[in-house]
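Chain order of the listed sequences is A and B.
All the letters of the first sequence, read from the start, carry residue numbers 10 to 245 under this note's numbering.
All the letters of the second sequence, read from the start, carry residue numbers 883 to 1173 under this note's numbering.
There's no promise every hint is true.
Said to hold, decoys possible - The following label-pair restraints were derived from C-beta to C-beta distances: (1) S1096/B x E124/A: 53 to 59 Å; (2) L177/A x F1038/B: 45 to 51 Å; (3) K81/A x I948/B: 34 to 40 Å; (4) T101/A x I1158/B: 26 to 32 Å; (5) G243/A x K1045/B: 46 to 52 Å; (6) D17/A x K1045/B: 39 to 45 Å.
Bear in mind the hints are in silico, worked out from the structure with no lab data behind them.
Bear in mind that the values here come from a model prediction, so they are computed numbers and not experimental data.
Positions of the beta carbon are idealized from the N, C-alpha and C atoms, including for glycine.
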Amino acid sequence: MLSIRNIDVYYGDLQALWDVSLDIEDLKITSLIGSNGAGKSTLQLAITGLVTPKNGTIHAGENRLDNQPAHKIVDLGISMVPEGRRLFPDMTVLDNLEMGAFSRKARGKLGETMEWVYGIFPRLKERIHQRAGALSGGEQQMLAIGRALMSRPSFLLIDELSLGLAPLVVRHICRILEEINHSRGITLFVVEQNVRMALELADYGYIMENGRIVGQGESRGLLNSEDIKAAYLGTH
Amino acid sequence: MEIGQFVIYGVINGSIYALVAVGLALIMGIMGIFNLAHGAMAMIGAYISFWLFQDAGIDPFLSIPISMGILFIIGLAMYKGLFASMKAFSPGQKIRNSMLVSFGLVLIIENVAVLIWTANEQRVSTAYSGLTFDLAGLRMPYIGLVTIILAVLVIFGLHLFLKKTFFGRSIWAISQDYQCAKLMGIHVDRTMLIAFGIGMSLTAVAGAIISQYSVSPSIGLDWVNKSLIIVVLAGVGSIGGVFYAGLLLGVLESVSAYFVGVHYTGVVSLVILLVILVFRPQGIFAREAGR
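Given these sequences and hints, build the entire structure.
Here you go:
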């Protein structure tokens, strides 16, 4: 389990997260929803070590994460698909995937993992020698997920999966994520503005507003809650 | 003298240019640090060869590993002391700040070099200095041949290292997105440090050759000038292109000396640089502008 306890995160003098606590249960899909600028991405960056919380702790099982540098956290089985994909645009699809297996542990299983990722995203195999920057949006998102899987994570964090993608593509990728979660036992943590998509995908959801967790519950319950409908889904 | 002879000298000079420039292509083109002290490091490399030859009798080509080691360590200290703190800057700010800081460094290195080695020109004369062999009726100096071979080995070796090894590609990845590189498990700080050290140590190869022509404390800025022209010609980020751009500049300078006289070689090469950049602002060997 990934457990976050009472973290405060600052950017300079500006506080972005206030006393945030959250659990990501093993083998489940957990989502964090909220509007743009609520602090959702900051929380992911804190887990992966790209920002350091001022107070509070983050643990993955027995391992404490919040005092470790980002490159060590990957080795502990935590991988992230960053917002906007953030591929290495001048590298080929193949190079991007190989960079995902940079950590020593993953490098040993490179060939095997690569076949597995191609099995999940056959489209990537057709494009291995293309520049990542030349792929379509959906293919880029697949590559970003594939690259994150190359480190053989037990936790996969996904930031704004649906951003800039057609609904059909989003649905396709969601189905693949469910499959990864069920058959490979990879725990997912999905941060999303697209509230309906996130709650339909996830087992459990947290709601964040202005850097604070303001609600949580089983996804189905949240989907049917009147408050959520009014605030995020635009239906009554 | 025949024009063919000028071409041979142009190729040799161009190989030296490319050898000096290749480290800059790595540090500026890929890491985004504008190190004006690059030529001064080649100067230090040349003096190390000179020292090792004068005091220990080691051939300048054979002492390359030693001077590479020394420059690697100086490079590490330089990066730690001056450039590491700029890592989170935006690309533009990093270029500006590193240029200012390294310009100061050039002045310091030059003056210290004058104190240690005096301002006089020095050179290493080995048993084979000035010897040539016949190449299709033209004279090819032995040093020139070794220079060309070293340039090919170093430049294409670095190219392969950056493209094929995990470590090399991680430098490339950092240059495209350093935060995302961390997410891949790349130890960004350490990688940048070592890459900078490698870029500096490569100037030792050029230094070993320069020491056999002429070295004085003031040559640093001339060499950084030439290197900048080559890096821009090749296209920022292109390593293999540095070799061809170096040859192009060397041959153009040499052939223009044949036609318009030695005094105008610098002008001719700059005019050609301008013309090329008007038509290909991204450089000759880079894929597209802004990349």
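Tested hints:
1. S1096/B x E124/A: 53 to 59 Å: With Cβ atoms ~58 Å apart, the hint holds.
2. L177/A x F1038/B: 45 to 51 Å: 46 Å, holds
3. K81/A x I948/B: 34 to 40 Å: 36 Å, holds
4. T101/A x I1158/B: 26 to 32 Å: 28 Å, holds
5. G243/A x K1045/B: 46 to 52 Å: 50 Å, holds
6. D17/A x K1045/B: 39 to 45 Å: 43 Å, holds
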